[in-house]
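K.L.:
As you go down the protein sequences, you meet chains F and W in turn. Heads up: the first sequence at position 244 corresponds to 243 in numbering that gives the first Met the number 0, and the numbers run straight through without jumps. Heads up: the second sequence at position 267 corresponds to 266 in numbering that gives the first Met the number 0, and the numbers run straight through without jumps.
No lab work stands behind these hints, which were simulated from the structure alone. From the three backbone atoms N, C-alpha and C, an ideal C-beta is built for every residue, glycine too. Any given hint could be a false lead.
Cβ pair distances, simulated, as ranges [to be verified]:
#, chain 1, residue 1, chain 2, residue 2, range
1, F, P173, W, G284, 51 to 61 Å
2, F, R66, W, S89, 15 to 25 Å
3, W, R526, F, R66, 50 to 60 Å
4, F, C63, W, T654, 15 to 25 Å
5, W, P317, F, L39, 31 to 41 Å
6, F, P23, W, L271, 31 to 41 Å
7, W, Q194, F, L139, 28 to 38 Å
8, W, W150, F, A31, 39 to 49 Å
9, W, G228, F, A37, 36 to 46 Å
10, W, R524, F, L138, 44 to 54 Å
11, F, W35, W, V254, 41 to 51 Å
Footprint (simulated), chain F over chain W, 3 or more residues, beta carbon under 8 Å [what the hints assert, rightly or not]:
#, region
12, 60-72
13, 77-87
So these bits of chain F aren't anywhere near chain W, every CB distance computed over 10 Å [claimed, not checked]:
#, residue
14, L26
15, S30
16, S34
17, W35
18, V44
19, L67
20, A70
21, V87
22, L134
23, V157
24, L169
25, P173
26, L180
27, A195
28, L203
29, A213
Residues per chain, in single letters:
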Amino acid sequence: MTEWPLLVVSGMLGSAHCLGMCGPFALAVGSAAPSWRANLQRQMVYSAGRIFTYAVLGAVLAFCGARLAAALPGWTNVPAVLAIVAGVLLVVQGLLAAGVIRKPAVTGASACPGAGAFKALLGARSLVDVFLAGLFTGLLPCGLLYGMLALAASTHDVARGLVTMVAFGLGTVPAMAAAGLGGSLLGLAARRRLHAIAAWCLVLTGCISIARGAGHLSFTSEPPAGCPFCAEAGSPVTPSRSPVTP
Amino acid sequence: MKARGVSREESAPVEPRACDYCGLPAGGVAVDEPVFCCFGCRFAASITAAQGDDGQARWMMTRLGLAVFFTMNVMVFTMLLWSQPDGEPSAQAGALYGLARHACLLFTAPVLVLLGGPLCDDAIAELRRGRASLNLLLLIGVAAAFAMSAWATWRNEGHVYFEVACMVLVAVTLGRWLEASGKLRTTEALRELRQLLPDRVRRRGADGDEQEIALATVQAGDVLRLLPGEHVPTDGRIVAGRASLDERSVTGESVPAAKGPGDAVHSGTCNLDGELLVEVTAPPGAGTLERLIDAVSAAAATSRQQRLAERIAAWFLPLVLVIAVVTCAVHWQASGAAAGILAGLAVVVVSCPCALGLATPMALWAAIGQATRRHVLVRDGDAFTNLAIANVYCFDKTGTITTGCRVNDVESFGGVEPNRLLAVAAALARGSTHIQARAIEARAAEAGVTAADIDSPRTIPGCGIEGTLRDTPAAVRLGSSPWVRGEFRPDDPPTLLAIGTEILGGFRFAEDVRPEAATAVGALRRRGVETWMLSGDRADRAAAVAEPLDLRWRALLLPADKLAAIEGFGAAGRRVVMVGDGINDAPALAAADVGVALGCGADVSRWSADICLLRDDLASLPWLVDLASRTRRTIRWNLLWAFGYNAACIPLAATGIVHPAVAAVAMVASSLLVVSNSLRLGREEPSAGTAAVHDAAPRVADPVEVAA
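Model the full assembly from the supplied sequences, consistent with the hints where possible.
P.N.:
Below is the structure:
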């Protein structure tokens, strides 16, 4: 399946954008480590926790997507629509990161009553706690994640949705681990530049997803065979039916 | 009108045992072991190590996290099982699905142990206290679902419901824990106050040696040493040293008070600049700040709506129990054991007694906490919510609309030095609580005049004070001019001082209208309420204060007349707010639907009002009324939601169409809705209206001359 390497790349590019939110967590995880090696180990365990959550969410969303498709048997475009939704989410996320769209300022302190406990887990000594910290990090609201989840939903298959999210999660590991290992290695200016590049990469990923989804929008009763991302793997759907690329 | 009498201290003290975690009333009797109001608080306390064991706390957190981890695994395998196509699977697929079931079993068992344990402990604790709990039913349902599924896995046929057991346990634990955290936040303001008290103090022994001891072990009579910057740990009297004390926390007064040997200090106040030796007069827990916190703590527990919610909850639990059992029996009969157990479990899980129980107290607590932050102390939850629907506001004049009486002019006759006049008058005035006597004393203190020595001062009611001057034994009199002079002269100052028969001089008084009074009264009137000023003063002077403010007024009222006026409004079916001086207007404050007092001072036991504006700032009144309106809306909304939710969801669950896992999510969502709705009240809202009252208050400070 050719889309999984693409997902890994999306994760890599996207995670540079995510460092703003999740980078401090990675740093906190690393702060309790006595050595460089121990820190690396903790970062890997932490990322494993995150990927685990992504995988479960991917499986659940894929199941829901399949149910949705089954509930709307006459409506053949569910995967394509989900791909478009995912693409739009990614584009919006990218534009937000690039500063093109302004985020409404969040007012008031964090309302989450579990925040204190989460902080305790991040700094905990035991690896089990670090894993759990990663697990809960995966549940934090994140636009990029939602975009990827929409992609997972469009796979319509529990196992495939799961693998989609694992691939995405793996892509986020290098940046997160790097952030946890030496957050101060890169200067502020360098980080800003990286951030900007990542933001536009995200927009690009979103556009690809939208284009693929649009390419598979079908207005006949004939069901499209397979998900938009599998098109390259030999989908019988001919692009000539698409209203976008006639 | 309130049935309660003037002195609320006389009524038997109702001491609702507070929850050891969130501080909300837990109900039940006082026992030595820790008391929690709900499972959530019990669980949250074990997570935050409220009982002091840090390792145990981390283990509880890890436990919850692991349970979530296992549940997520179960969910994935369940999704796989649910995706099973209809019809007979191939041998390979059959083996795969069998594997998935076993995996579910493997991952569910630890969840039962991890989260079932604490729930089980709570159910047993509740049973011991003689209370039935839904947790017991929940445990039975979960255990049944698990046993049934394990049996099906063993025989490799039939449905499995492992995800139900996991989801219910995780959702219930997580939901109740989040509720408890929410409740904790509402009582934050009071905890902040309590944190003003230090944990350890320095005790000075009889031979001058010093020892650091825990505050709890301090006894009355101990001498403590206080350094600059430290808070006074408990009430006491200064034995040696001088210092300025910041008493904002207990009196709202922002100007530090200078104190020296013999002066009383209150717990929670801050020693700003001097070293003090303080003899303890009240043991820890009985100090000013603690009594103040206790008074506020009791406010929500005694609310009428809270009692109503408790009564409803009392029959709500058995009702849900019966519905659950009946549902289980009916579905069991109709579609087998699995359907029966699932439907019964769904009923128990979806019912949200917490939303019912939390609807009122959480909103009230959040609002009261918010008020406490603004130095407004609420002692009665009902009175506070009544503030929102009151339609008549009565104000006292002196000390409420005006800043109180001050000496405007000291007139001396026959060349007597004004300071001598003040020295003698202040000595006589010292024993009196009369407002003009207080003003004379204040003027003497301002001028740095030491009071003369007076023997056997005596108050003649309605006239003045007389006594004997010690240095030149002579009778002295201070009082209303007709009484001192023996005849009325229109050009006399209202208060005269005489030694023997010789009139030495007199005092003229004035009072300033509070700068914020006009905006505060205006803001209230915009709410459509009637505003009155009830004054004991002469008609012309009452009019001079009231009319510029557009207040309707009545003058020449004795305390009994004010009481009658308030009762008159009440008899006409109006809801009355009396705003007055905490001590002199006590009967009227107690008789009104809501008594709001300024000038409460530090002594909480003397307060007769429902609400005290510690800062003596009338501008906080419209803000408070606004908060009360929002609180009332929130309570009504919460109750409506809690009732509506339960009324809609329980029957739905009883029909068997709601999956217990969905029910669990619905229950958590309902609780969180109520909690977050209440917590919004605790958030500081920089309302434009209130800010304007502070900033743009026009100065309405024309001095109005007053007389006895």
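K.L.:
If I take the minimum Cβ distance from W35 (chain F) to any residue of chain W, is it greater than 10 Å?
P.N.:
holds (25 Å)
K.L.:
Does the Cβ-Cβ separation between G228 (chain W) and A37 (chain F) fall within 36 to 46 Å?
P.N.:
holds (42 Å)
K.L.:
Take the C-beta atom of C63 (chain F) and the C-beta atom of T654 (chain W), compute their distance, and say whether it sits inside 15 to 25 Å.
P.N.:
Roughly 24 Å apart at Cβ, these two residues keep to the hinted range, so it holds.
K.L.:
Just to be sure I understand the hint, the distance between the Cβ atoms of Q194 (chain W) and L139 (chain F) should be within 28 to 38 Å; is that true here?
P.N.:
At 31 Å between Cβs, range holds.
K.L.:
Is it correct that the beta-carbon of L180 (chain F) has no partner in chain W closer than or equal to 10 Å?
P.N.:
Fine: 24 Å to the nearest Cβ keeps L180 (chain F) off the interface.
K.L.:
Please test the hint of 39 to 49 Å on the beta carbon pair from W150 (chain W) and A31 (chain F).
P.N.:
holds (45 Å)
K.L.:
Decide, holds or violated, for the assertion that all CB atoms of chain W are farther than 10 Å from the CB of L169 (chain F).
P.N.:
holds (18 Å)
K.L.:
Just to be sure I understand the hint, the distance between the Cβ atoms of W35 (chain F) and V254 (chain W) should be within 41 to 51 Å; is that true here?
P.N.:
violated (58 Å)
K.L.:
Do the Cβ positions of P173 (chain F) and G284 (chain W) conform to the proposed distance bound of 51 to 61 Å?
P.N.:
holds (57 Å)
K.L.:
Can the suggested window of 50 to 60 Å be confirmed for the beta-carbon pair R526 (chain W) and R66 (chain F)?
P.N.:
holds (53 Å)
K.L.:
Does L67 (chain F) sit more than 10 Å from chain W, CB to CB?
P.N.:
Answer for L67 (chain F): holds, closest chain W Cβ roughly 13 Å.
K.L.:
Range first: 44 to 54 Å. Now tell me if the beta carbons of R524 (chain W) and L138 (chain F) are that far apart.
P.N.:
holds (51 Å)
In terms of the numbered hints stated before, the structure departs from hints 5, 11, 22, 23, listed from lowest to highest.
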